[in-house]
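In this note's numbering, the protein residues as written are 1 to 556.
Treat the hints as calculated values from the structure; they're not laboratory data.
It cannot be assumed that every hint is accurate.
In silico EDC-like pairs for lysine to aspartate or glutamate, Cα to Cα no more than 16 Å straight-line [to be verified]:
# : residue 1 : residue 2
1 : Lys226    : Asp247
2 : Lys541    : Glu244
3 : Lys293    : Glu240
4 : Lys192    : Glu240
5 : Lys450    : Glu483
Distance windows between CB atoms, simulated [what the hints assert, rightly or not]:
# : residue 1 : residue 2 : range
6 : Asp347    : Gln279    : 15 to 21 Å
7 : Val257    : Ser549    : 39 to 45 Å
8 : Glu340    : Glu286    : 40 to 46 Å
9 : Gln279    : Lys408    : 23 to 29 Å
Ideal Cβ positions, reconstructed from N, Cα and C, are used throughout, including at glycine.
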Amino acid sequence: MHKNPVKYVFVFGGVLSGLGKGIVASSLGFLLKSRGYKVTIHKLDPYLNVDPGTMNPFQHGEVFVLDDGSETDLDLGHYERFIDESLSSINTTSSGRIYWDVLERERRGDYLGDTIQVIPHITDEIKRRIKAVNVRRKYDVVITEVGGTVGDIEGLPFYEAIRQFILEVGKENSLVIHTTLLPFISAAGEMKTKPTQHSVMRLREIGLEPNILVCRTEADHHITTKLKKKLGLFCNVETEHVFESPDVETIYEIPLVLNDQKFDVSILKRLGLKVSKHQENINILESSIGRFKNPKNSVTVALCGKYNGLHDAYKSIIEAFIHAGIENDTEVNVKWVDTEKLEETKDVKGAFNNVDGLLIPGGFGNRGIEGKIMVSKYARENGIPFFGICLGLQCAIIDFARHVCGWKNANSSEFVMRCKSPVIDLMQGQRNVNTKGATMRLGTYPCRVKGKTRAYKAYGKRNIHERHRHRYEVNNRYRKKMEQLGLIVSGENIDLNLVEMIELKDHPWFVAVQFHPELKSRIVNVHPLFRDFIAAAICEKENKQNIQSLQMEQTP
């Protein structure tokens with residue numbers, strides 16, 4: 001049976017960053033997959049870091065960890081959430097990694113004394129990595145997003161490599177999507193196409209020509225047929241290949257918006273692929289969006305972190321809240337609580353007034369730690385649903401050790417190197433590690449879930465696999481005493497003898513985990529712990545409302 005050649009789609013961005021290239025790439029992946037095609041998505045990042053593992057969350061947002069332990073850009077999270085596939089290290093690379101690998105080969109003598117240059121050595125390595133995503137011909141379509149903006153100096157080797165790549169695989173097997181901005185100028189009362197024209201002009205100077213334009217629009221200012229014709233004329237793109245990506249309530253609407261414009265149909269026809277009917281998952285997405293827009297309930301959850309200045313630092317948690325809210329027919333409102341400020345004010349009760357659940361996310365360093373321990377103590381003593389993730393579990397352990405076990409000096413050796421009661425400590429194999437980046441427990445590890453626990457109720461099975469990103473662990477020297485006083489170890493890594501999940505007896509819902517469940521939550525497959533956490537928050541709100549109603553009835 002003759003098999004079609006692999007098709008390659010490249011997604012670029014122009015005018016400015018943050019236009020949603022990753023969402024466009026993810027949406028296309030979702031739509032093509034819904035038509036029965038096997039799709040994967042690839043990210044090329046021009047920055048010189050080897051990976052985002054050591055990058056400041058305030059600058060770059062969260063680090064998204066894959067099953068194989070790769071520390072990647074948050075766009076990889078969008079890819080996984082939209083196409084519902086687990087990706088690996090081959091799905092992402094950076095300029096730093098490419099130069100690193102080329103220079104390592106040069107040091108080994110692999111180039112036999114050649115002068116190493118951007119062309120051909122760097123561009124050849126970029127092309128090799130694009131092909132490596134599908135070396136076994138597992139996928140029909142490979143979508144590659146290039147980070148940054150057209151014209152950025154660090155991105156030039158990528159654009160040149162893609163220009164060469166398109167010539168090699170054939171223009172009939174490749175397609176370029178260019179995402180741009182159509183700003184609305186209030187003073188003029190109209191949308192302007194000139195930024196898009198100049199961005200396309202810059203792309204054509206590099207030797208690439210867009211086949212598809214996706215124009216980001218704002219608020220109620222939508223693209224008209226007249227504007228489409230103008231853009232098509234000046235950007236040398238067919239009018240019917242100019243599409244709009246408007247502002248929406250949730251990013252999960254974008255596949256539906258693009259589908260309504262026959263975005264994927266145009267791309268399939270351009271690539272010479274059969275346009276088959278959509279499968280069930282697009283109906284599931286439509287149903288989910290309907291429930292998102294028309295929730296039956298609402299809850300408020302306090303996210304108690306220290307990177308609150310950039311919400312993208314907790315992107316996967318926010319998305320998991322959306323998934324769990326849809327599953328529970330509930331709008332999840334997030335109250336951002338800065339735990340450093342909480343340390344200063346000490347007003348825990350005021351910070352959590354009218355809050356239905358508390359979540360402590362992951363993080364590194366000692367800033368805001370005492371505030372997070374205060375959060376755990378407040379949730380534990382007041383019966384408020386609590387969810388601790390990674391560092392959140394460690395703060396819950398320190399709280400329990402200090403205030404239940406009576407070990408006043410309990411702490412983590414990450415924060416106090418020579419503390420008397422290091423209830424959180426380094427893994428034995430990490431004690432002599434001094435370098436940063438890829439030195440932690442990273443990626444997927446097995447966990448054995450204890451029966452008759454909230455964790456087992458959520459998962460419904462004994463053996464699970466979850467993604468990790470941390471170096472410190474619960475110190476087993478203190479485990480037995482804490483269990484005697486009411487701590488439940490509801491999940492553990494049997495092979496490594498490590499605590500993975502904890503719970504509390506006689507508490508409505510107090511669960512903390514050493515891993516990052518938010519990394520595996522998808523809109524069509526919500527993570528069970530987030531689902532049950534939001535369900536517990538709904539119960540908490542209903543209980544408070546019942547108590548208030550009762551008090552009002554008893555008031556003379």
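Taking the hints in turn, this is what the structure says about them:
1. Lys226 / Asp247: Cα-Cα ~20 Å, so violated.
2. Lys541 / Glu244: violated (40 Å)
3. Lys293 / Glu240: The hint is violated at about 30 Å.
4. Lys192 / Glu240: violated (19 Å)
5. Lys450 / Glu483: Given that 16 Å is the threshold and the Cα spacing comes to 14 Å, the pair holds.
6. Asp347 / Gln279: 15 to 21 Å: For Gln279 against Asp347, whose Cβ atoms are near 52 Å apart, the range 15 to 21 Å is violated.
7. Val257 / Ser549: 39 to 45 Å: holds (42 Å)
8. Glu340 / Glu286: 40 to 46 Å: holds (42 Å)
9. Gln279 / Lys408: 23 to 29 Å: violated (59 Å)
Consistency note: the structure conflicts with the earlier hints numbered 1, 2, 3, 4, 6, 9.
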